[in-house]
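Trainee: Make the complex out of the two chains shown on their own, each in a separate frame, by following the hints.
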Amino acid sequence: MATLSIGADDLVDNPTPRVPVSLCLDTSGSMGGSPIEELVRGVNLFYDAIDEDDDAHDSAEINIVEFNSSAGLVHDFASIERLQRISSLTANGATAMGAGVNLALDTLDRRKATYSGSGVLYYQPWLVLMTDGAPTDNIDLAVQRVVDLVEAKKLTVFPIGIGSRADMNTLARFSPNRPPLRLDGLKFKEFFEWLSKSVARVSRSTPGDTVKLDLEGLAGWAEL
Amino acid sequence: MFKEFHYQVRGKGHLRDGTPGQDRTGYLSRGGVQVLCLADGAGSASHSQFGAQAVVDEACTMLVDRFAEFSASDDGARVRVELLGQLVLKLNNVANRHGVKPGDLASTFLCVAVSGKRFLGAHIGDGVVGYVKNGELKVISAPDNSEFANQTTFVTSGRALESMRLFRGSLDGVAGFILMSDGTGESLFDSRTGELARACAKLIAAVGSAPAELSKTSKHTKRLRRLMDLKIRAATKDDCSIGILGRNAASRSDGAA
Chain L
1 MATLSIGADD LVDNPTPRVP VSLCLDTSGS MGGSPIEELV RGVNLFYDAI DEDDDAHDSA
61 EINIVEFNSS AGLVHDFASI ERLQRISSLT ANGATAMGAG VNLALDTLDR RKATYSGSGV
121 LYYQPWLVLM TDGAPTDNID LAVQRVVDLV EAKKLTVFPI GIGSRADMNT LARFSPNRPP
181 LRLDGLKFKE FFEWLSKSVA RVSRSTPGDT VKLDLEGLAG WAEL
Chain G
1 MFKEFHYQVR GKGHLRDGTP GQDRTGYLSR GGVQVLCLAD GAGSASHSQF GAQAVVDEAC
61 TMLVDRFAEF SASDDGARVR VELLGQLVLK LNNVANRHGV KPGDLASTFL CVAVSGKRFL
121 GAHIGDGVVG YVKNGELKVI SAPDNSEFAN QTTFVTSGRA LESMRLFRGS LDGVAGFILM
181 SDGTGESLFD SRTGELARAC AKLIAAVGSA PAELSKTSKH TKRLRRLMDL KIRAATKDDC
241 SIGILGRNAA SRSDGAA
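In the order they appear, the protein sequences are chains L and G. Heads up: the first sequence at position 33 corresponds to 33 in my numbering, and the numbers run straight through without jumps. Heads up: the second sequence at position 160 corresponds to 160 in my numbering, and the numbers run straight through without jumps.
If you are wondering where the hints come from, they were derived from the structure by calculation, not from laboratory data. Note that the structure is a prediction, hence the values are computed from the model and not measured. Glycine included, C-beta positions come from ideal geometry on N, C-alpha and C.
Listed next, with one range per pair, are the computed distances between beta-carbon atoms: (1) 75(G) <-> 5(L): 41 to 49 angstroms; (2) 136(G) <-> 152(L): 38 to 46 angstroms; (3) 114(L) <-> 146(G): 16 to 24 angstroms; (4) 140(L) <-> 147(G): 25 to 33 angstroms; (5) 18(G) <-> 54(L): 16 to 24 angstroms; (6) 144(L) <-> 18(G): 39 to 47 angstroms; (7) 114(L) <-> 77(G): 33 to 41 angstroms; (8) 113(L) <-> 99(G): 39 to 47 angstroms; (9) 195(G) <-> 33(L): 51 to 59 angstroms; (10) 116(L) <-> 81(G): 29 to 37 angstroms; (11) 230(G) <-> 94(L): 54 to 62 angstroms; (12) 90(L) <-> 146(G): 34 to 42 angstroms.
Subject to a maximum C-alpha distance of 20 angstroms in a straight line, what follows is the list of computed SDA-like cross-link-like pairs (lysine to any residue): (13) 219(G) <-> 5(L); (14) 153(L) <-> 113(L); (15) 231(G) <-> 221(G); (16) 112(L) <-> 192(G).
For reference, chain G alone in the conformation it holds in the complex (with noise of 0.2 angstroms):
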């Protein structure tokens, strides 16, 4: 098993503003499946708070529920188009509760999902996937953004599908996956190299090492907190979240997820 950490944190922007911290994480474990998710909620939306939510819960449900299935189809396009479909149909559910248009619940969306000696994820938009695979940081998914900083895809997007990557593997030398947005990202990604910050791979290989599953009040819990809380929140004016699957040298010897 891995161990996990998710966590968000409200930007020094949206304290300014007066707006609500728009990013969300989420993680899921049941019947051997282990996902994690984040959404990015865009700050034109009015509810992106919400769509995120609805977006990162929904993804943790159908990946445990569908990872069999998505991980041995060859048919990469299908698979796309049903995960989207169903984030989509979701949100739409969600603009209806709140008499808004889905449109105002756009977001990001990042996902790795793990199970016997396979993982996979999807990835919409800004932010970042990396994993350390045998004892090398790598990206696996970097920022889509368009021309400009302030412009990227949502889930919610008329290109969300052709800007949908998907991605999957094998878990052999697998140490972890780390999840983050673009707030996040300032301190985390360089976006001149397009390389992850050598911290990716401190944080991945402290929470793989952490010796029971992370509760929220134990004290490594509350480090990983401080120091997205102070540092990494410190650096940008934009909402930060970050998700990290870990595990150590034995579990990865196991070959077990």
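Same shape as in the complex, but just chain L (with noise of 0.2 angstroms):
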């Protein structure tokens, strides 16, 4: 046998597959003072549990769109190590669900089509929709595109309603197969936290793997 060296250089270090994860946050005025307070300090949470994952880490790339009387980039798709903790999101004016669903839902597909331009793989990507009321835009667009990439296996979404004023109705018509979840009182940090956990878990899937999320796991905090 000839001498088997084999080194670093003749060996191939591919990009791990990314899992992009769309955050769509109400910030119209009625999420001022406590509300909104707590939704960055439960984003930032969320950053943190990203960050102390191993596999999360790696894989995990997040943007935030936020939604008022328009919508909004916070920031663009970043990988934890590049993101910096938001410091505050300022509410006012009123919900333009539509909007913000549309433009998240814009930005996943460039995000996905960047990935494929450079061969990088990635997982089914997340849309969490977090709002404390109804819409004052037109959602059926956007409740139309989710639905179809929901159903087509193209597209997780977590509607999530923050206390007792949201819409669950409107939530539902963008949650086809789950009913959408309801924050038990303003528990971001338990939402944020299970969040990791789940984006730890497909970061951990490999081809075949069917990735089961530990619902029971919100039973302490939200109303299924």
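Mentor: Okay, structure coming up:
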């Protein structure tokens, strides 16, 4: 046998498959005060938990879309190493949920195209939609896009109602496979802890794995 | 004759989760036909290690017995149907024996068979088949992933027949073949460029230039296993498996497999 000398240059170092997660957050006027402060704390805790998990740290890429009277990008997709913790979000205006969801879906589409163009494998994208109220714009197109993607198994969606005034019937339209969740009080911390663990579970999956989300883990803080 | 090496090692993720290694490899040589097979059991399938073993065993036997017929056939569609049909039949029997559904035995499938001056092979799902021909390292069959990283096609999938890639050719100028599961592919296949790592050519050359047929305890075999156990396995959480056929220049000039 010829001398077997395999060095690092003889091997390839493929990029880790990515999990794109879009947080689509209601920052309308009704979120002012404690809700928006708790939401910011929850998002930062989510970032910290992702950072601490070896698998999720390498895989997760997160962006934030906010919606109030219009929709906007708080920050684009980035790995946890490049993400700055958010210092604050400003609550004001109406609840343009349709615009927010459409923008989130557009950013996910662009991110997937970037992955494909550079040969980076990726897992099914996640959309987390959080609101404390009801939409003030037309959501029909956004609902149709989400439902089409979920039914084609191309998107995992988590519609989350914050507090008692969240319009759960509207959120249900975005979730054909499971009922939306209502946060028990302002327990963003528990929700984002669960979300980070779920991202980590997906990051560890290999071809053929069916990733089952531990929805029972939500029982302590949400009404299903 | 080609010399061969095949091996599988349980992945770090499987060790952490307490799940068994689900990759299997097999080799059979009989009547001048050499067959090398590899199957990667699906993580979501409860008994996929049994399915992977059954697929490897059945394909080795079938291809040894029917190499001449398949190699000469111009009806690739029929060969596909017969090959897949035989594997599915075997899986149904194994499923009955274990009291599970065939889908619980899901695995990918990669194989290469050589005899005389010809080779043939087949591939369902992810993993890679490559070879060295006229000194060039080339991919014969690349991973068949769906859009997402944790999805692929298995022998038991509804679209297995459609997904199966069948290939054959002349052994002129061929120094050897390499089969790998996706776990091994993380070190030996560049998903961005679609090319094999340089190590693949070195591995084929190393197997081909071994002084004699590789025994399980030879120092050459141990060296190859050590590479898999340490470097290849370290780069992934998944199981890693590999199959290599190699021959030296003298064998190639003889024109005989």
